[in-house]
Each structure stands twice: as structure tokens, then as C-alpha cells.
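Chains as they are written, first to last, in the UniProt record's numbering: chain A, 1 to 281; chain B, 1 to 310; chain C, 1 to 325.
Warning: the hint list may mix true and false statements.
If you want the footprint, here are the derived chain B segments under chain A, 3+ residues with CB under 8 Å [unchecked claim]:
(1) 217-223
(2) 279-292
Covered by chain C, per the in silico footprint, the following chain A stretches (three or more residues, Cβ under 8 Å) [as the list claims (entries may be wrong)]:
(3) 65-78
(4) 98-110
Rather than coming from a laboratory, the hints here were simulated on the basis of the structure.
Every residue, glycine too, gets a C-beta built ideally from N, C-alpha and C.
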Amino acid sequence: MTAREQVGGTPSTTSADGGVLLSARGIVRGFGRGRGRAEVLHGVDCDVRAGECLAIIGGSGSGKSTLTRILAGLDAADAGEVTYRGMPVRRRQPGLRALRRDCGLVFQDPHGSLDPRWTVGRSVAEPLELRRRNRVEGDDGDARDGGDLTGRVAHALQTVGLDPDVFLTRIPRDLSGGQAQRVAIARAIVANPRIVFADEPMSAIDTAARLRILDAFAAIRAARPEMALVMVSHDLGVVQHLADRILVLQEGRVTETGAIAQVLRHPQTAYTRSLIDAASL
Amino acid sequence: MGVEVRNLRITLGNAPIVRGVDFSIGQGGRVGLIGPSGSGKSMIAKALLGLLPSGARVAGGIAMEGVILAGSSADWTTGGGHADGSSDHPVPTLADDDDGLLLAPGYAVSDRWMAGLRGRYVGTVFQNPAAALNPTATVGQQVALPLKRHFRLSRAERRERVERMLAKVGLDPADVMRRYPGQLSGGQQQRVGIATALVAAPRLIIADEPTTALDAVTQRQIVDLLVSLVDDAGASLLFITHDFSVLARATTRCLVLDRGRVVESGPTARLLAEPREPLTRRLVTAARTLTLGASPGGMDDTTDFGGGAA
Amino acid sequence: MIGTSKRRGSAVRGGPAVCGGRAARAAGAAGRTLYAVWSRGGGRAALIVIGVWTAVALVSLVWTPWPLLATDGYHTWQAPSPAHPLGTDGTGADVLSWLMAGAATDLAIALLVALVAAVWGTLLIAAMVSRHGALAGTAVVAVDALISIPTVLLALILAVPLGASVAVVVCACGFAYGLNLARIARPAALLAARSAYVESALANGASGMGVLIRHILPNSLPVIAVQLSMSAGTALLAEAGLTYLGVGVPSGVPSWGHSLTTSVRFVTVYPAAVLWPGLVVTVAVVALNLLGDALRDATDPAAVGSAPPADAVEPDGTGEVRDGR
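Working from the sequences, and respecting the hints, build out all of it.
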């Protein structure tokens with residue numbers, strides 16, 4: 001199957017409009033104190049629905065990574081509220097625990113997100129082992145193939161297009177950037193998360209390998225139609241095949257949001273137009 | 001007279017990184033070097049700059065502005081051996097080049113001599129501007145450095161040239177001269193990098209993935225800026241990237257590199273329209289798939305993915 | 001391109017790598033590391049010296065050529081002879097026997113100092129890279145403050161309640177070297193602690209202690225290993241110094257420092273008497289430093305891997321090659 005067929009086939013079949021999974025209201029976040037304080041987000045609202053792919057688009061300094069970290073519960077907002085399935089996401093609250101259990105993370109630097117001393121198999125298995133250790137009973141998946149940790153690791157690797165026989169015992173040093181990123185993706189999805197956050201997953205990868213990562217995400221979305229994917233990028237060209245909805249962030253404010261086709265055809269702001277220009281040949 | 005590279009071979013330890021590459025960049029030419037990571041494209045740039053890591057062995061010839069930097073006479077007299085036959089440039093030989101300086105193969109060109117060459121004939125724009133700029137020097141000092149090293153100018157003349165260069169790259173000299181790189185955005189840092197590379201009016205600009213660390217909008221601006229400045233100066237450009245959509249804007253000719261060999265070369269437009277080699281085709285497909293409103297499959301494929309989603 | 005859910009016996013092959021017992025994995029890693037140290041020139045020399053040292057120390061516990069207390073006032077400062085291969089000291093006791101017995105004491109001191117420094121240093125590292133800002137900040141300041149106390153001063157203070165004893169050497173050196181270890185290993189530990197893989201482990205529900213043991217300490221191991229083996233070497237020098245000052249190993253207990261102390265006063269008259277203990281200490285310290293360097297190289301993930309060299313490109317089931325094209 002080629003990249004194009006794979007990528008093109010997914011969105012319309014999976015954009016079944018699920019309920020709102022994760023919702024953020026009036027998010028404000030700044031860094032530093034006193035006069036040196038710089039506000040990165042000025043009151044951002046955002047919803048992520050089950051089964052959709054939301055692309056958060058913006059240039060560097062737009063606050064898109066900060067927003068994603070707050071959505072993923074890795075960072076706390078100064079003001080505003082994040083709720084996951086109706087539960088507030090705050091320290092020591094069930095909402096944060098549930099979100100932690102249900103989310104997978106993919107970062108920009110593929111090698112940085114894998115322990116250099118661990119084999120691929122061990123890295124991908126880590127989320128499962130941690131869940132087992134913490135006795136987290138997922139309401140799906142865990143019960144179904146409870147003990148078969150190795151099988152699930154192998155399946156996750158296959159989903160992202162890596163042959164387990166070849167890759168299970170490799171260490172990150174022996175992976176290319178694109179392969180390492182796909183291992184990181186396998187690790188993010190191995191525990192059947194309801195929501196996956198990917199922060200610039202392709203910007204550190206060379207163009208040819210980006211297609212394989214797109215394929216990997218497309219395959220995951222096809223295999224798990226209920227899973228939500230939040231993808232952060234500065235490049236509309238990269239997300240055009242995956243995203244259902246787009247949220248354009250400019251200097252900490254949402255300047256545009258809507259279905260991707262609509263935003264691409266009728267951009268409302270000059271900034272969105274410049275993003276579209278930049279991604280055109 | 002541009003740059004000539006003949007049968008360039010580089011080994012690092014026991015691993016061959018570059019296995020016989022020929023190309024030339026004529027005066028004012030803009031040539032792209034494209035290939036996946038590990039194909040050796042950055043090593044070629046480093047060889048041109050004499051900045052190869054210790055332990056790297058170079059064989060073959062490099063001539064810049066008629067000055068032979070490395071290589072034996074054999075590499076030049078048998079100079080017809082182009083893998084691609086794409087060179088439109090006459091092969092310089094020792095006989096017809098009176099100013100030619102021959103250095104035996106393996107002879108280490110003195111660092112000082114190469115440093116002199118780097119600033120005057122070659123300017124470099126690096127991938128990561130934040131790392132390439134000295135964090136403790138102001139923008140003014142940074143850009144003035146090549147002038148200081150290679151020209152005898154009064155303080156005022158130097159300042160004037162730096163200010164003019166900063167204005168050319170779209171920065172306000174009054175604003176940025178006294179700032180430090182850490183106080184600038186990524187795009188501004190790369191503009192400073194371009195100003196530093198171009199301030200001494202070099203004949204060749206080597207841009208090693210100058211846009212990968214930048215966001216899409218800034219990428220576009222930086223590429224356009226670089227191309228217009230290089231054209232204005234009449235300099236040559238060697239642009240290294242893994243992204244064909246960048247090359248399409250920046251270069252007229254390009255070489256596709258795979259594991260240290262040139263697998264295909266020709267005018268950029270031709271390569272984009274009808275790539276022949278599988279690798280080139282993959283790179284072109286990738287560039288098109290990741291671009292809005294372009295059909296990924298090339299000429300024969302008319303599916304529009306930009307509008308088809310959702 | 002992406003395979004269906006067929007599994008080619010991967011459950012069997014990948015088993016140990018994925019979820020093998022922790023003990024087995026640790027033993028395997030230790031064996032590989034030891035082998036990697038052995039396969040380096042300096043590392044091999046260090047292992048040989050340390051092996052001989054350990055063997056001599058063990059033997060000395062049950063046998064020495066002469067009893068340690070066999071003094072002979074008529075045959076002091078003797079040159080080497082068949083009866084006394086390294087001669088005799090100022091009391092006429094056999095130098096070789098005392099050095100052999102000293103090997104046991106000094107080996108114990110080196111190991112104990114390394115152990116104390118490791119435990120104390122690891123606690124400090126854990127505090128310094130903690131995600132609780134206040135704790136980390138306090139730990140950093142405390143280490144910087146405590147590290148300025150000279151080891152000798154510390155030993156002199158400890159000697160007030162403890163008297164001259166091995167415990168003084170172990171406590172003073174362990175304390176000081178633990179601080180050194182913490183300060184030197186902090187950047188590596190911090191790099192791992194702030195890495196994306198630790199962050200995603202934490203997001204997946206790992207505990208702070210869990211990521212410390214599973215990710216942060218193993219990735220700081222190259223630095224820790226060097227620092228600890230150098231500390232063990234420095235401990236030998238400190239033992240000699242403190243013993244000379246009278247706060248280290250008590251007189252009557254054999255140690256290399258003791259042998260040096262009793263002979264150093266006569267260095268102008270009987271230079272050979274200082275030569276042997278000095279040589280033994282020097283060789284041991286050099287061996288420990290070499291061991292440190294070899295350990296650093298051997299614990300580097302780049303060296304631990306069992307995967308093929310980077311150039312061996314092998315197509316896999318998906319037709320994919322290593323450099324990701």
C-alpha cells in the first residue's frame with residue numbers, strides 16, 4: 001500500500017463526531033515573574049472530541065506547545081480550566097489521573113523520547129508495565145489480552161510499520177530518526193489510549209521519512225476510530241492529510257478554528273493565509 | 001570561476017561517507033544537494049569548508065576560484081569522468097591556471113589558510129542559528145567578525161557595512177546591533193546568520209539546511225531572502241536540504257545524493273517534474289504529499305488531497 | 001505496507017528483551033559491562049591488578065610469609081633477601097607480610113568508601129534532580145556549601161569521638177566523595193531527568209523513585225562509575241595521609257598507609273623502605289583510575305548495544321532500510 005492511499009483513506013470514515021473528550025476554557029499561562037513575565041497563552045478555549053484529529057497550528061512562539069502540555073496534563077494553567085470527560089484536570093484530582101491513564105505522548109525529538117540504554121521492545125512495553133505495576137484496570141484492552149505483553153508490543157510496532165522481529169531488540173542508536181519516531185509512536189499507543197498528543201512529531205525528521213510517520217498515524221486512526229489525536233505543527237502541509245479540525249494559534253490567541261477543508265479554502269485571517277502560502281509549492 | 005569538485009571521496013574511520021562525487025557550480029549558479037540523512041551531503045559541505053572532523057580522510061579534488069584546495073594532478077587531468085555528465089563547466093587543469101596552487105593529496109592545508117579562504121571566498125549559513133551564533137557576542141560584533149578578519153577597514157567603515165548588511169536581511173540595525181542572539185527569535189537569528197555569511201561579499205554561499213529549525217512561514221521568508229541576496233551579489237549558492245519543496249524555490253540545478261554517490265542530477269524543475277531514480281521519486285512524492293494543493297504522484301496523478309480531506 | 005496482525009514467533013524471540021526478569025537483565029548487563037571493560041587495554045590491566053590485589057588480600061587473612069608480630073631487633077632495615085623478599089622494616093618485621101596484610105585493610109577501605117559515597121551521593125543526586133523545586137534548590141546549595149569542608153578537617157573532627165580508626169577514614173572520605181559524586185553527576189542526571197522519555201514515563205504513571213532507578217541513574221552510570229572508582233583510589237591516598245596524621249588506621253593495624261608512615265621518616269637513610277609501599281599504593285590508584293575510564297566507555301549506551309554496526313543496512317519485512325528513506 002502506498003503512502004497516498006493510506007493517508008487519503010482515513011479522515012472521512014473516522015470523523016464520526018464523538019462527544020467532547022477534553023475541553024479547555026480560558027487557559028492563561030505565563031512564564032517568569034514580575035517585569036520579566038511573559039504571557040504565552042491569553043485565554044484559549046479548545047475542545048477535543050473522541051475520534052477526531054485536531055491540528056494545533058502556529059509559528060514558533062505562538063504557544064502551541066505550551067497549550068498542548070497543559071491539555072496533556074503535563075503543565076498547569078495559571079487560570080482557566082481543563083476538563084477530561086467532565087472531570088477537572090488538576091493535581092491530585094481523578095481527572096488528571098484518568099487523563100494520565102488514557103493518554104499517549106509523542107515528542108518532537110525522536111531520540112530524546114527513548115531511553116538510549118533500553119531496547120525498543122523494553123521502551124514500547126514500559127507503559128504496559130507501569131500500568132500493570134500500578135494495577136490500573138483499563139476498561140478496554142487490558143482485560144481483553146491481559147497477559148500478552150509481548151504480543152501487544154509486537155502489534156503496536158506492526159501498526160506503525162516496523163517489523164517486531166527486526167526492531168524489538170534494537171537500541172535507539174541503531175534507529176534512524178524516522179524509525180525512532182515510529183517507535184515513540186508505538187509506545188504512545190501500546191496501552192490503547194483514548195487520546196494521543198503529538199508535539200511536532202515530524203519537524204525533526206527528513207521529508208521522505210515523514211510520509212512513513214503519516215502512514216503510521218493514519219494506520220493507527222484506522223485501527224482505533226475512537227481514539228482522539230491532537231497534533232501540533234507549524235506546517236499545514238504536514239497535517240493536511242490527517243487533521244479533521246484545525247485550530248490556528250497566533251501569539252497565544254486562537255485566531256481561527258474549523259474543519260480543515262473549510263479553513264484551507266476560506267481562510268479568515270491574513271496569518272492563516274500566510275500559513276497556507278508557506279505550505280504551498 | 002566557481003567551484004569544481006572532482007571524484008571527491010571521504011572516509012570516516014573505515015566507513016566511506018562520500019564515494020566519488022563530481023560537480024561544479026558556475027559563477028552565479030544555484031545548486032542544490034539533496035538526500036536523506038546519512039547520504040553524505042553535509043560532509044561534502046564540510047569538505048568544501050575544510051571543517052571535516054578529525055579522523056576523516058579526503059581524496060579527490062576541490063578547486064575554488066581556480067585555486068586547487070586538494071587533490072592530485074591525476075584528478076584534474078582525467079577530469080572528464082563525470083558520473084552524470086552534467087557539468088557545463090570547463091575542467092581547470094594545472095597548465096591553464098597560472099595561479100593554481102597544487103597541494104598533494106593528504107597534505108593538510110593549514111588551518112589559517114583555510115580560515116582565510118572561508119571568510120573571503122566562502123560564506124556559510126548553518127542549520128541551527130542558535131548554536132552557530134556566539135551567545136556572548138552582540139549582533140553587531142557577530143556580523144563584523146568576517147570583515148575584521150579579512151579586510152582592513154576603519155571602525156566607521158566596518159560599522160557602516162555591518163549596518164547596511166543588516167538592513168539588507170530585513171533587520172533594523174539601530175534595534176539589533178547591540179542585542180545578543182538569545183534575545184532574538186529563530187527567524188531573526190537566521191537573518192543574522194545570513195548577514196554574517198554575506199557581509200564579506202563571498203563568491204560562494206554554502207547553506208546547510210538553513211531552514212529546518214524554523215517554522216514554515218519563517219522558512220519561506222528565509223529561503224526567499226537568501227536567494228535574492230545571493231543573486232544580487234552575483235555569488236554562487238550550494239544549498240543542502242532534504243526537502244524538495246525548498247529546493248524548488250532556492251535552486252536551478254540539483255544533485256540527488258544517496259549513500260555518498262550522486263544518483264541523479266539535472267535542472268531542479270526537470271527533477272521535480274520527471275524524477276527518474278527511485279530515491280528522487282520518493283523525495284519528490286514526499287515533497288508533494290506534504291505540500292498543499294500539489295498532487296503527490298507527479299504528472300499522471302490528478303487526485304487533489306489538499307481539498308479532499310474531511 | 002503495514003502488516004496485519006500475523007506474528008512470526010515474535011512472542012518467543014522478543015520475550016526476554018521485552019519483559020524478562022529484572023534480576024536476569026541486571027546480571028546480563030553486569031556481565032556485558034565486565035566483558036567490555038576486559039576487552040579494553042587499560043581496563044584489562046586494571047582488572048588484573050585488582051584481581052591480584054583481591055587474591056593477596058584474601059590469602060593474607062589466613063597466611064603471610066612471616067607472622068606480622070615477628071619482630072627482630074637485630075635485623076632491622078634489611079635489604080631484600082631470600083628470607084625477606086622485600087626486606088625488613090625498622091622493627092625487623094617482614095615488609096612483604098605487612099604489605100600483604102595491608103592489602104586487605106586497604107581493599108576494605110576502598111570498597112567501603114566507594115559504597116558510602118555511592119549511597120550518599122545517590123541520595124543527593126535524587127534530591128538535586130527532584131521535581132520539587134524547593135528540595136532540589138536546597139540540595140544544590142547544601143552540596144556546594146558542604147563540599148568546601150576539607151576532608152582532613154572532617155577527619156580530625158571525627159577522630160575526637162572515634163579515635164584513630166578505619167571508621168574515620170571511611171566516614172570522612174565517603175562523605176566528601178559522595179558530595180563530589182553528586183556535583184559531578186548532576187548534569188548527566190538532570191539531562192535524563194528532564195528528558196522526554198522520563199516525562200512520558202511519568203505521564204504513564206511511573207513514580208519519581210521508579211524513574212530514578214529505571215532511567216536516571218542508569219543513564220548517569222558512566223559518570224558515576226568513573227567518579228566512584230577514582231574515589232576509591234583517592235581513598236587509598238587519603239588513608240595514607242590520615243594515618244600519617246594519626247587519625248587514620250590505628251598503629252598495630254596493617255595498612256599501606258601504616259607501612260608508609262613507619263618508613264617515611266627514614267627515607268633519607270633507607271630509601272628502599274618507602275619504595276615498596278609507595279609503589280603498591282601508586283599501582284593500586286592507577287589501576288582504579290584506569291578502571292574508571294574503562295567503565296565509562298563500557299557503560300556508555302553506544303558501547304553496550306548488541307546491535308549490528310551502523311553501516312550494516314538490512315532491509316526488514318516492510319522493505320525499509322536503516323537510514324529511513
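Against the structure, the hints:
1. 217-223: holds (count 4)
2. 279-292: holds (count 10)
3. 65-78: holds (count 3)
4. 98-110: It holds, with 6 qualifying residues against the three required.
Consistency with the previously given hints is maintained throughout, with no hint failing.
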